[in-house]
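Trainee: Based on the hints, put chain B in the right spot on chain A.
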Amino acid sequence: AQSVTQLDSQVPVFEEAPVELRCNYSSSVSVYLFWYVQYPNQGLQLLLKYLSGSTLVKGINGFEAEFNKSQTSFHLRKPSVHISDTAEYFCAVSEKGGYNKLIFGAGTRLAVHP
Amino acid sequence: EPEVTQTPSHQVTQMGQEVILRCVPISNHLYFYWYRQILGQKVEFLVSFYNNEISEKSEIFDDQFSVERPDGSNFTLKIRSTKLEDSAMYFCASTEGSGANVLTFGAGSRLTVL
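Just so you know, the protein sequences line up as chains A and B, in that order. According to the numbering used here, the stretch in the first sequence is residues 1 to 114, in order. According to the numbering used here, the stretch in the second sequence is residues 1001 to 1114, in order.
The set of hints was computed from the structure by calculation and includes no laboratory data. Don't take every hint at face value.
Derived Cβ-Cβ restraints for the label pairs, each shown as a range [as the list claims (entries may be wrong)]: (1) N61/A <-> H1010/B: 21 to 29 Å; (2) L1030/B <-> Q42/A: 19 to 27 Å; (3) I1020/B <-> I60/A: 47 to 55 Å; (4) Q45/A <-> N1051/B: 25 to 33 Å; (5) I1020/B <-> S70/A: 41 to 49 Å; (6) S3/A <-> R1080/B: 38 to 46 Å; (7) S26/A <-> K1083/B: 27 to 35 Å.
Where chain B lies over chain A, by a calculated footprint (3+ residues, C-beta under 8 Å) [what the hints assert, rightly or not]: (8) 36-45; (9) 71-85.
All C-beta atoms, glycine included, are put in the ideal place defined by N, C-alpha and C.
For reference, chain A alone in the conformation it holds in the complex (with noise of 0.2 Å):
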């Protein structure tokens, strides 16, 4: 079984500062990862992923995330957000060779203030 731990429920930081959401997983097998974002009062659209080769994974919005498998963590990173940022974020595993069901974290609330 998979389980997904992201560290902080909130993060708040001011517009054109860095950031860095953090998430970590257990498996007993090898898996995916993903980070998902859901603005307010809407669904879950998909940031980037991680299925294998180079660690370090661009997305969309200027996101980025590194896979650290001796950590077994994939934190997602920007260097400068934008007020339009301010959503909730999640991380997600699936299982190499499943059926595609994701295990998600609890997310993490980011809020970016002017």
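Mentor: Below, chain B alone, put in the same frame as chain A:
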């Protein structure tokens, strides 16, 4: 860009009533999923569906719930005898195949049980 469409966007029902939530997955997708998100909580897997049968279900998905693909395009979630704690946002998702495939989520159906 192809979308997963969910109806209704919001449904209010009385406790004990039956509810059907409808989803139209992306046309060439073969794997279908329902997730739910209770207000303020994480997104939870309910069920996955492939080749006209359930491939996996969570412990949340008990006899109160059922899924169906009645006509080759719709994918429905039926909740019998709704309870207050069934109030949540329900997300449908689909993907093309197994393996390293990304789920595309619908915008969700908010269910309010009074």
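Trainee: Could you tell me whether the CB distance from L1030/B to Q42/A stays inside 19 to 27 Å?
Mentor: Hint holds: Cβ distance 26 Å, inside 19 to 27 Å.
Trainee: Starting from the hint 47 to 55 Å, judge whether the C-beta atoms of I1020/B and I60/A obey it.
Mentor: About 34 Å separates the Cβ atoms of I1020/B and I60/A, which means 47 to 55 Å is violated.
Trainee: Tell me if the beta carbons of S26/A and K1083/B are separated by a distance inside 27 to 35 Å.
Mentor: Holds, since S26/A and K1083/B (Cβ atoms, about 31 Å apart) stay within the stated range.
Trainee: Is it true that Q45/A and N1051/B lie within 25 to 33 Å of each other by Cβ?
Mentor: Taking Cβ atoms as reference, Q45/A and N1051/B lie about 28 Å apart, which means the hint holds.
Trainee: Are at least 3 residues of the segment 36-45 of chain A within less than 8 Å of chain B when you compare beta carbons?
Mentor: holds (count 5)
Trainee: Range hint 21 to 29 Å: satisfied by the CB atoms of N61/A and H1010/B?
Mentor: holds (28 Å)
Trainee: Using the C-beta atoms of I1020/B and S70/A, is the stated range 41 to 49 Å upheld?
Mentor: Roughly 47 Å apart at Cβ, these two residues keep to the hinted range, so it holds.
Trainee: For the segment 71-85 of chain A, do three or more residues have a beta carbon lying closer than 8 Å to a beta carbon of chain B?
Mentor: It is violated: at least three residues are needed, and the segment 71-85 of chain A offers just 0 whose Cβ sits closer than 8 Å to chain B.
Trainee: Given a hinted range of 38 to 46 Å, is it respected by the beta-carbon distance of S3/A and R1080/B?
Mentor: violated (30 Å)
Hint compliance for this structure: hints 3, 6, 9 are not met, and every other hint is.
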